[in-house]
Amino acid sequence: MNIPVNPVAEQLAGYNFAYLDEATKRMIRRAILKAVAVPGHQVPFGAREMPLPYGWGTGGIQVTASILGPRDVLKVIDQGADDTTNAVSIRRFFGRVAGVRTTDRTREATIVQTRHRIPETALREGQVLVYQVPMPEPLFRLEPRVSETTRLHALGDYGLMQVRLYEDIVKHGEVATAYNHPVMVNARYLMSPSPIPSFDNPKMHMNPALQLFGAGREKRIYAVPPYTAVQSLDFEDHPFRPIRAPHACALCNSTESYLDEVITDDQGGRMFVCSDTDYCAERRGE
Amino acid sequence: MNPLLEARGLNLRFGAVDALLDVSLDLYPGEVVGIVGESGSGKSSLLKVLAGMQGADGGCVTYTDAVGTDHDVLNISDAARRRLMRSEWGFVHQNARDALRMNVSAGGNVGERLMAAGARHFGKIREEAAHWLGRVEIDASRMDDLPRTFSGGMQQRLQIARTLVTRPRLVFMDEPTGGLDVSVQAKLLDLIRSLVADLGLAVLLVTHDIAAARLLSHRIVVMRHGRIVEEGLTDRVLDDPQHPYTQLLVSSVLAA
Numbered sequence: 010m011n012i013p014v015n016p017v018a019e020q021l022a023g024y025n026f027a028y029l030d031e032a033t034k035r036m037i038r039r040a041i042l043k044a045v046a047v048p049g050h051q052v053p054f055g056a057r058e059m060p061l062p063y064g065w066g067t068g069g070i071q072v073t074a075s076i077l078g079p080r081d082v083l084k085v086i087d088q089g090a091d092d093t094t095n096a097v098s099i100r101r102f103f104g105r106v107a108g109v110r111t112t113d114r115t116r117e118a119t120i121v122q123t124r125h126r127i128p129e130t131a132l133r134e135g136q137v138l139v140y141q142v143p144m145p146e147p148l149f150r151l152e153p154r155v156s157e158t159t160r161l162h163a164l165g166d167y168g169l170m171q172v173r174l175y176e177d178i179v180k181h182g183e184v185a186t187a188y189n190h191p192v193m194v195n196a197r198y199l200m201s202p203s204p205i206p207s208f209d210n211p212k213m214h215m216n217p218a219l220q221l222f223g224a225g226r227e228k229r230i231y232a233v234p235p236y237t238a239v240q241s242l243d244f245e246d247h248p249f250r251p252i253r254a255p256h257a258c259a260l261c262n263s264t265e266s267y268l269d270e271v272i273t274d275d276q277g278g279r280m281f282v283c284s285d286t287d288y289c290a291e292r293r294g295e
Numbered sequence: 096m097n098p099l100l101e102a103r104g105l106n107l108r109f110g111a112v113d114a115l116l117d118v119s120l121d122l123y124p125g126e127v128v129g130i131v132g133e134s135g136s137g138k139s140s141l142l143k144v145l146a147g148m149q150g151a152d153g154g155c156v157t158y159t160d161a162v163g164t165d166h167d168v169l170n171i172s173d174a175a176r177r178r179l180m181r182s183e184w185g186f187v188h189q190n191a192r193d194a195l196r197m198n199v200s201a202g203g204n205v206g207e208r209l210m211a212a213g214a215r216h217f218g219k220i221r222e223e224a225a226h227w228l229g230r231v232e233i234d235a236s237r238m239d240d241l242p243r244t245f246s247g248g249m250q251q252r253l254q255i256a257r258t259l260v261t262r263p264r265l266v267f268m269d270e271p272t273g274g275l276d277v278s279v280q281a282k283l284l285d286l287i288r289s290l291v292a293d294l295g296l297a298v299l300l301v302t303h304d305i306a307a308a309r310l311l312s313h314r315i316v317v318m319r320h321g322r323i324v325e326e327g328l329t330d331r332v333l334d335d336p337q338h339p340y341t342q343l344l345v346s347s348v349l350a351a
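Protein sequences appear in the order of chains A and B. Position in the first sequence (first residue = 1) + 9 = my numbering. Position in the second sequence (first residue = 1) + 95 = my numbering.
None of these hints come from the bench; they were simulated from the model. Computed from a prediction, not measured in an experiment: that's the story for all the values here. Just so you know, not all the hints are guaranteed correct.
[What the hints assert, rightly or not] Simulated restraints, written as ranges between beta carbons of each label pair:
| id | chain 1 | residue 1 | chain 2 | residue 2 | range |
| --- | --- | --- | --- | --- | --- |
| 1 | B | 338 | A | 164 | 39 to 49 Å |
| 2 | B | 149 | A | 60 | 48 to 58 Å |
| 3 | B | 222 | A | 163 | 25 to 35 Å |
| 4 | B | 229 | A | 62 | 53 to 63 Å |
Where is the CB? At the ideal position from N, CA and C, for every residue including glycine.
Looking at chain A on its own, in the form it has when it is part of the complex:
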């Protein structure tokens, strides 16, 4: 796509383009290339201090800074919304330190940095989806030793994760992970999809866009290249089921999108609205 450099936004003086210095970007790009070459495998990288706290997206922001070019159009979402604190501040950050054009529209963006959602609008080839990841290790909580989880990944020994699903069915009658449901990437590596709702898991499968995952505190990058098989773990007789609230969006009437439940008063009033604000606005013709 031929997008002109944004003539309006001005880059902040005194900073390198997109905040990180070029040597750091190169190191991160190397990690990204390796991650793309080995889909689902966690590649260590030297995460830098960023001007926001751990847990607010330091991993995602470093990945975005490394792949951002002056012609890119950036969209940032937090739980699907463009207008929450985290999304607004990261978008403004890149607007200032890189001078890139930003947008709310999924269609217009070349890079979408996301926390905990995949946009409802289908992504296309050439787009990059950057996930903010709090805990990259899917076997975390099941196996406390990092050395041992590394070995389990190397040997493809994922019986342990299956045991967790087994225990869920025994206790709850179904797999109870509503978010961060583990996936197998390219039939080889077990991967944490970051805490996206299990509703979004099927969208990762054979997605035409490049999906990059950055974990700043844990210093790991991993990737799902375009058109890669991503299967959610399940049992043959208890197949994976994406979970969605059985309602229509109170604003746009969508029965397809993932819904947030919003409490409207203290009398028990509530409404269900699309978690993806851009998708909802577009449907309402805004």
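Dock chain B against chain A, hints included.
Coordinates of chain B only, in the frame set by chain A:
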């Protein structure tokens, strides 16, 4: 018949201490061999070396798998060793807590080995787990309970069910009756004996309990200071011990 497991000239030193000195041993399919000796005689070290859990300073161990391929156990890759451990071998620890996942239900514990071996059908995994819990005399109603709510004897039986569920050909047992009271021990020995006979398992049994060794093993190997001092058929070794140390060992068993 070719041996299942063949060890030749094993040596192992821990600093100045010889844990194993020129130890050779054959184990044939369906055979139960008891390794007896006092604490520190090297019997547990031998078991660990034979199972590939511990390297050796010299010698070799060869395991012949179900399709007839020989594996050099001491130089095996981590991946191949785990594959053997998952499919062809089993290991019963003295302390059931070392082997069980205490925060996973009994059924999950038994099913884990099936799932590790690739089973992905919830109903079938459960059925198989229930079957094995039944075989080790754990009531089906306890299937979804955590092992920490089980008695010591039950935990040990659960560990055996978990080990046998993938139908191994060779089971290593390290003091399986240790730490249990006498009546529970007797029941457990009885259970192990019938399972071993039913399934035609080959077992390497490490124990300091001469009575347990007599009950379970076909052959006995007596170890002292890292050497095998005497070996032979169980009744022959225990009723007519030749080596002075074996004589001492047999005569120190208390008659009830």
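Checklist entry - Going through the earlier hints one by one, which of them does the structure break, listed in rising order? => result none
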